[in-house]
Amino acid sequence: MKKILKSPVGMVGLFLTSLALICAIFAPVLSPHPPQQQNITQRLVPPAWHPDGTSEHILGTDYMGRDVLSRIIYGSRTSITVGITAVILAGAIGLALGLLSGYKGGVWDSVIMRFVDAFMAIPSILLIMLLVGVLRPGVVSIIIILGVTRWITYARVVRAEVLQVREMDYVTAIVSLGQKPWKILLKHIFPNISASFMVVATLNVANVIIAESSLSFLGIGVPHHVITWGSMLAIGREYISVAWWIATFPGVAITLTVLGIIFLGDFLRDTFDPRLRG
Amino acid sequence: MKNCRVGLVSFLMVLLLLFSSGLAEAQKLTIGVPVDMETLDIHDHQSMVGEAVAVNIYDYLYFRDKGGELQPALATDWELIDDYTWRFYLREGVKFHNGEEFNAQSVKVTLERVAQDSGLTNHTHYSTIEKVEIIDDYTVDIITNVPDPILINRISRTGSGMLPPEYFQEVGMEGFIQNPIGTGPYKFVEWQRDGYVRLEVFEDYWRGTPEISEVEFRVIPEASTRISELLTGGVDIALEIPPFEKPRIDSRDGKRTIDSPTIRVMLLYVRLMEGYPTEDLKIRMAIDLAIDRQLIIDEFLEGAGTPVRSRLLPGAFGFNERLYDVDVYNPTRAKHLLREAGYEDGGPTIEIMGPHDRHAVDREVLEAIGAMLEEVGFDVNLEILSWSAVTSRVADRDHSEVRWANLANTLWDGGLAVDYLRYERSDDVIGFDSPEYSELVLAAAQNMDLEEREKQYQKIAEWIAEERLMIHLFQLDTIYGVDESVIWEPRVDEMIWVYDISLDSED
Amino acid sequence: MQQYIARRLLQGLFVIIVVTLIIFLLVHLGGDPVRLMLPEEAPEEAKEALRIRLGLDQPLHYRYFLFLQGLMRGDLGDSFRYNEPAVKLVMERLPTTATLAFLSMVLSTLIAIPLGILAAIKRNTLLDLFASSGAVLGRAMPNFWLGIMLILFFAVFLGVLPVSGFDSPRHLILPVITLGTGMAATVTRLVRSTLLEVIGLDYIRTARAKGLSKRVVLFKHALRNTMIPVITVIGLQVPALVTGAVITESVFAIPGVGRLTVAAVSRLDMAVVQASVLVVSIAVVLVNIGIDIIYTIIDPRVRYD
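Protein chains in written order, with this note's numbering: chain A, 463 to 740; chain B, 451 to 957; chain C, 51 to 355.
Simulated from the structure, these hints should not be mistaken for laboratory data.
Do not rely on the hints blindly, as some may be mistaken.
Restraint-style ranges between C-beta atoms, simulated for each label pair [as the list claims (entries may be wrong)]:
(1) G568(A) x L208(C): 53 to 63 Å
(2) V879(B) x W644(A): 33 to 43 Å
(3) V879(B) x E518(A): 39 to 49 Å
Where a beta carbon is used, it is the ideal one built from N, C-alpha and C, also for glycine.
The task is simple: from the sequences and hints, build the whole structure.
Have a look at this one:
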């Protein structure tokens, strides 16, 4: 805790991440208007500080006359949920396969690693486009798609760490003492890989939030009634020349949150990675 | 000696002048289009852009003018021999780009291919043609297998662009689309898919040499990029300008926008079969009355649209004046209707499905309709999907009560607008199982008594409007962004007929 | 050396087979492949022909065999819309996308490596914060957003660069910046963290203890060892670059594989989508093998990896 107070990176990261989480949790309390409430005659009202703006809508209204601030606050819910669950999914698959591959070695390792190589070579967006015909558009589909195309990084990282840790003297010693493999994994290997795992995971949450936006740009993103920062940005871009605020503020929200998550990840890594200690 | 040098210099200067004025005369027009054409096979595509390009390479027997009136083109006159036989008198002395002569053989080869090959996309519009009989080099009889009152409409649209018979038979369609040849004002030069289509002037064009010598259609999918190209002079004309961008273009020096009515109508298909709330006429009426068309037109289309209750627009056969430019908006009555239909507190849940990537403000219009229906008491589920997702769900019969559509009437005829409702055509996609309707539509389709036929279509259109078998919304205008140097009046059918465009070179 | 190359090629072949297997299974287990490959309005004869070609009445492994056979001949079906072999369509576009991706890769590496080193040396200072934030900003901006912004600023507002297209080197500047920024950000962060890791290693500490100057240690020892993982990761970024290229091509109207695929999806021309996934993935595998081999030649130590 003391360490985070000393690190500017850590502080900024913690602050921004908590801010986003608070928005997500307390959305109904914080947002001044219902996020879906249209007012067609009040379209494209600029932010409050603009001469044509009103204090009713601090960040202005969008192309349907909806309050941009309220939508950003509500949007944090889906964006963060999609980001975190997709990463948990990817992490779980990657962790399992990475552990298996690194710990068992041999044929297991070869086969899993070839699958990793193959998935690594397939550009995720092309894969997603191939799946468009198969999957129903929806938040769950998006989470599955983004999760399943991202497990490889974890598998590689985990495997590499397991290989390294396995060779360490004390682990070899424990193995020869006859401890059960899963206990070794849990007690000795897992703590060692968690730092790098966290770094990859934090980076990935950021990536997923942005990837979701790109899917919306290509017209294969979340359904329209779901509010996410990414889709607000993607749809708002059409209005960029006449109403910059529709896309810019969700963009700022994405940037700050991603910045926060990545900084927090950096801080965690710099602080807890055993190899960086001292 | 000195004189000689002066002479030489002035001679060179004159040459230079001639050369540079020659350059200035070589006028090039670049047009930014949102989607690429699909193929150069005119019989096998159905895209508006494809025809907008192809119309410059090929000629039809008859050709519509700006307002949609049919005018002689490769045919100079026609007469009806009997209900099944149409005689066309062809224009003499017309040459194809490769020098081949246009004659009766060309008509036969062109039309029989599309009439006989059911694999071609355009086949359905030509399947009434039995065969083409050559009377002499410049006279043909088109024989139909049923009485077909609108044959003339068929031979004045895409799919009837005349092909050079000898060249075509020599190279086949495979070879032909590598280097297509027509009689049109422009010769095909190059097509880079998703990049551009380039055309150059055909000097021996029968109507006279066109003014613009080079044409490039550039594919620029992103609207904002297309407008940026227009503003920086990269393109002279940009298609499909989103209405809200109009002020930005108009306020630029040297740029302007043109609003042009089209033959496209935005409408809602409703499922009429049992098990859907829209089976009840009261519910359908409530939907119709709840939509404030004028507000949508004013707010989202910048006024570029006209409220309608039928797909038949001015100029189309069967046009019904009473169903054009009327807004039936009446939310109070809509609320009453819902109550009458048995929904005391809160109307039924209806799902509305539509795409967000067909035209500029589809998403906005759909969302506005959703909110308007909720206003009168409906519980609305909006499914705004990509166009491909919409098509595949319709194909799977996996769709909801209400489906949005945006359709052009390329045949300019009542038949095309109402035929789809027949149960034999749309089965459970619409579910309108009415033998009476099918009979009436089929009778009109083959009725050679045009006066009676017109009344039939007007009656069908009123039937549709009264019973809300489809809920029509509005005729759409399209907005072009153009450079000031472009002198052009757009066509209702959205064809980019470059022959009519000129550039003001003083600019 | 030759043995290594042979092994690497064999491995690559195996990866390619796995790639084809993944794509085959997705297409064939996700539903009716005919429904996926041909739009509803396709004539019945075309559907029947496709059914036979795909061997849909045959068991799955036989279908996979047919699929591989087709792939060998470069035959992955015809585009329903373009009426041409799907593979041919993709191959025509590949050079454009490859050029775009390659230039972006070069640009981002040139920016990212010095920036990453600086951030690592001045760890936890304002400079680090600045470089890291810059890197994050580069990542946090979706490609389409950055692209539109660059067009509005450099082409419309300043008027110094062309808006879109792919005709001359000047047309390439904005798309390459758009596509390269994300990767530059990734590489910057990677260089920073790897360098930090390497500096923490024993032999560097030993070198320092032996009295070598900080600069010598950094440039002679630490950097060299940093570059190994960095170059590997750059190779692994190729698919991510392709993903970015799909978006960038849409914004800048560049006729590459990405535009082809996006247009194909919107027309439900899935034969083209399948071909583009396969061709691009195989190309990526080959590029990675190429990088690995070149890399062994440059640095003999990796040979036994």
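Okay, the hints, checked on the actual structure:
{"no.": "1", "hint": "G568(A) x L208(C): 53 to 63 Å", "in the structure": "holds (60 Å)"}
{"no.": "2", "hint": "V879(B) x W644(A): 33 to 43 Å", "in the structure": "violated (56 Å)"}
{"no.": "3", "hint": "V879(B) x E518(A): 39 to 49 Å", "in the structure": "holds (44 Å)"}
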